[in-house]
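*Asks:* Letter by letter, the chains look like this.
2 protein chains.
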Amino acid sequence: MTAYEKLAAHEHETWALAQVMGRLGWDQETMMPRGAAAQRGEEMAALESVLHARRSDPKLGEWLEAAKAPDAKGEALLRHARRSYARTTKVPAALAAELARVTSVAQGVWAEARAKDDVAHFLPTLERVIALRREEASALATDGALYDALLDDYEPGTSSAEIGAMFDRMRPRLVALVDKVLGAETQPAALSGSFNAEGQMRLSRKLAEITGYDFSRGRLDLAVHPFSSGSGSDVRITTRVAEGDPFNCFYSTIHECGHACYEQGIAPEFAFSPLGEGASMGVHESQSRIYENQFGRSRAFSGYLFEQMRGEFGDLGIGDAQAFYGAVNRVNTGYIRTEADEVHYNLHIMMRFDLERALIAGDLEAGDLEAAWNTRFLKDFGVAVDKPSNGMLQDVHWSVGLFGYFPTYALGNVYAGCLMQALRGDLPDLDAQLATGEWSAATGWLREKVQVHGGLMEPRETITQACGFEPSEAPLLEYLEAKFGEIYRV
Amino acid sequence: MTAYEKLAAHEHETWALAQVMGRLGWDQETMMPRGAAAQRGEEMAALESVLHARRSDPKLGEWLEAAKAPDAKGEALLRHARRSYARTTKVPAALAAELARVTSVAQGVWAEARAKDDVAHFLPTLERVIALRREEASALATDGALYDALLDDYEPGTSSAEIGAMFDRMRPRLVALVDKVLGAETQPAALSGSFNAEGQMRLSRKLAEITGYDFSRGRLDLAVHPFSSGSGSDVRITTRVAEGDPFNCFYSTIHECGHACYEQGIAPEFAFSPLGEGASMGVHESQSRIYENQFGRSRAFSGYLFEQMRGEFGDLGIGDAQAFYGAVNRVNTGYIRTEADEVHYNLHIMMRFDLERALIAGDLEAGDLEAAWNTRFLKDFGVAVDKPSNGMLQDVHWSVGLFGYFPTYALGNVYAGCLMQALRGDLPDLDAQLATGEWSAATGWLREKVQVHGGLMEPRETITQACGFEPSEAPLLEYLEAKFGEIYRV
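Chains G and R, in that order, are what the protein sequence lines are. Counting in the working numbering, the first sequence runs from 1 upward without gaps. Counting in the working numbering, the second sequence runs from 1 upward without gaps.
Please note: incorrect hints may appear among the correct ones.
Given that identical chains are not distinguished, each listed pair holds provided it fits within a single copy or across any two copies.
With a straight-line cut-off of 30 Å between C-alpha atoms, the simulated DSS-like cross-links for lysine-lysine are [unchecked claim]:
| id | residue 1 | residue 2 |
| --- | --- | --- |
| 1 | Lys483 | Lys449 |
| 2 | Lys59 | Lys90 |
| 3 | Lys379 | Lys206 |
| 4 | Lys59 | Lys6 |
| 5 | Lys6 | Lys90 |
| 6 | Lys59 | Lys449 |
| 7 | Lys449 | Lys73 |
If you are wondering where the hints come from, they were derived from the structure by calculation, not from laboratory data.
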């Protein structure tokens with residue numbers, strides 16, 4: 001066997017074991033009996049230690065030195081393998097273990113703090129997590145750019161300077177749009193009433209099928225926080241049901257289908273290699289967001305959903321498709337990122353991006369985070385935070401060390417805006433199709449242009465090649481201004 | 001760290017990873033989407049290779065040389081570790097891999113052959129599996145006793161000579177009992193009718209709770225072939241539902257609860273070590289069979305079940321508890337081992353034991369197995385086999401290489417008979433308790449005497465200490481003769 005072949009065989013097994021790890025995570029959130037939590041922690045730690053040993057195996061270094069890629073796929077495999085090996089070996093094993101230990105406990109501490117609205121309970125843990133991630137970033141960064149070293153893990157090939165500049169261009173137009181929309185004369189009514197859980201799950205399954213999600217290679221279950229999980233031929237999704245909020249269920253399902261269809265759409269020959277999963281968090285989010293928003297919350301598809309919901313639940317208390325479209329896209333200032341409308345969503349991200357950059361740079365102390373958060377929220381959203389669980393304690397991310405992750409959500413929205421513009425150019429009758437619940441041309445376009453390539457190209461290159469132009473925030477902003485300008489007549 | 005401590009830490013991680021492997025097996029039979037089978041095979045192969053490397057790690061050999069056990073638990077840990085290391089290292093890695101590869105394919109070939117009643121389709125595969133297992137046994141056996149080397153994997157500390165002698169003592173009394181029972185003047189009527197699936201599952205859950213199964217550390221799902229899975233604080237059970245055969249559902253549930261309660265009952269400090277699972281297949285089966293038969297099919301408990309079923313399903317078409325007790329324990333000559341009554345069951349095992357010993361010894365060729373099976377079945381059961389799926393193709397065991405496994409079922413029955421005799425001595429009002437659906441004294445006795453010890457002692461020692469006497473077949477035979485003599489008035 002050549003060095004390349006040995007490397008590819010090693011990656012094959014590592015990928016398979018990483019799938020097993022993902023399946024344990026899925027089981028934990030959907031099936032695991034509550035009394036098994038401690039044992040599960042040990043099981044996952046044991047498997048993580050196997051994975052870490054494989055990813056930092058010195059033999060990998062030798063093979064990477066000697067390997068010659070036979071083709072473009074091989075080049076991409078080497079690129080992924082080099083990046084992973086460099087990252088894994090730069091971080092001392094003791095630091096990696098300490099990070100794993102601290103963050104696994106930190107999530108529980110955060111959950112308690114959030115439940116009790118007790119920032120002080122969380123602060124020592126947060127400080128420790130920040131210190132460890134700064135230490136890790138120092139080991140990874142070549143040029144002292146700590147935050148960029150972390151960002152690189154989720155979105156290779158971008159920088160905080162680029163993202164910051166883009167956010168600076170986006171902010172004024174989003175703020176102006178919010179002001180116009182919230183000042184509009186007529187505001188759409190919200191959906192109200194109770195919608196039985198069985199009906200929501202039945203319609204969720206139907207929606208998943210409409211998105212092209214392949215149930216023969218996946219399944220739909222319930223989870224407290226919806227997620228998708230797995231690659232290759234076992235990609236599972238979850239959703240949640242609240243009888244008073246069926247939109248949450250349906251749009252969670254569609255969002256997770258976006259992630260899952262991406263994984264299911266990757267060329268089968270990329271499975272069992274680092275190419276056999278999405279190119280980055282940002283590209284992943286572009287798929288979930290275009291499914292959820294540009295398709296799912298379009299005027300055309302909301303008309304179809306209106307009829308489906310009336311068929312399932314009877315009278316909705318909403319008179320016509322126009323009013324339903326307004327209810328689906330209702331803009332209101334809320335505290336919570338995950339419940340934010342399309343107009344507010346990126347403002348939440350920008351705020352977190354600035355705060356977490358300051359935390360990692362050492363310009364902001366954890367003890368000053370609450371004040372910084374609340375000041376900024378008042379400034380950007382015009383509302384005072386009423387309690388920490390609606391403020392700095394709302395997201396799990398920082399407790400588990402996910403610094404550098406938030407901007408990929410906004411990047412996903414930006415990429416979704418670009419893809420939608422390109423897709424509309426290629427599919428002029430898109431709305432007529434969405435209006436009948438027919439997504440196959442749209443999802444087929446995404447599969448061919450984006451999904452099938454998996455990790456073959458760098459993230460930004462994946463989007464550029466799909467769109468035929470360099471991605472920018474402009475298409476997203478134009479889409480938002482046109483859509484919400486029309487709904488709110490502003 | 002001392003050599004013993006290093007060894008124990010190694011065993012801790014290996015145990016945790018083995019749990020993960022078990023969970024993958026559970027998922028495959030209950031949750032996995034059908035399109036994920038090939039990928040799952042790769043995932044399990046990757047994890048199996050990790051486990052094999054850990055179990056044959058030369059460091060283990062060094063630690064075993066140097067380790068000094070600090071206490072009785074440590075002695076037992078060393079005993080298990082020595083046995084496992086010796087077995088793993090004696091078998092060449094290439095042979096182990098070939099066995100894994102061949103048996104994973106063989107199961108599919110067997111299933112096809114059974115579905116088509118086509119012995120010829122299965123024979124080349126069976127021959128290959130036998131040849132590989134013979135080769136493995138040759139590597140393991142110290143004295144040329146091939147079959148004993150395989151048996152030792154499932155039931156350490158016993159021999160085929162001992163089991164054969166015991167079966168020779170059991171056979172005439174069982175045959176005599178079958179003859180008397182089947183010649184009895186009145187035969188109990190069978191249960192007939194249709195019983196809705198929801199009701200069966202509802203009552204299954206209730207029965208599981210009655211057995212003491214702890215749902216906070218487990219869960220109940222459906223599977224084609226019921227099984228239990230897992231150790232420590234995540235022990236899951238499955239059952240099956242056929243609307244025409246509720247007894248199959250209820251007694252499958254109770255049987256699997258016996259296995260699962262054993263695992264759940266093991267002392268928590270034994271978890272993450274080889275002591276943290278059942279002592280052997282035979283001891284495991286003693287728990288599942290005593291729950292299923294001695295408790296579940298007792299006159300006392302069947303009266304309780306009669307009322308529960310009437311409550312769930314209404315009139316059963318069976319007039320009273322006496323007739324219901326007869327229906328639960330109806331003896332009839334069937335082809336299928338897994339559906340056999342208590343009287344016939346061990347005759348099925350004895351037949352398989354003799355045939356598989358001859359196959360492994362080389363005294364019987366695979367090509368002659370069908371004729372040998374059919375001749376023996378006619379002799380022992382008085383009925384001619386009508387088709388291979390009712391004959392030599394009925395069990396999955398041989399296709400996956402499980403030679404030496406069958407006798408542990410009968411050993412479990414024998415152990416259950418001994419335990420029941422001892423337990424009755426300690427709990428004189430057992431029947432009064434079972435009659436009200438109260439199992440806690442009985443299961444508490446088993447937990448204290450058997451289950452809590454896990455793998456601390458050798459299998460036979462576990463039973464001897466629990467009973468206060470050396471196990472033999474006598475208590476089981478006396479129990480069967482008394483029970484069925486009374487039901488059939490013979």
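*Asks:* Please list, smallest to largest, the hint numbers that this structure does not respect.
*Replies:* Per hint list: 3, 6 violated.
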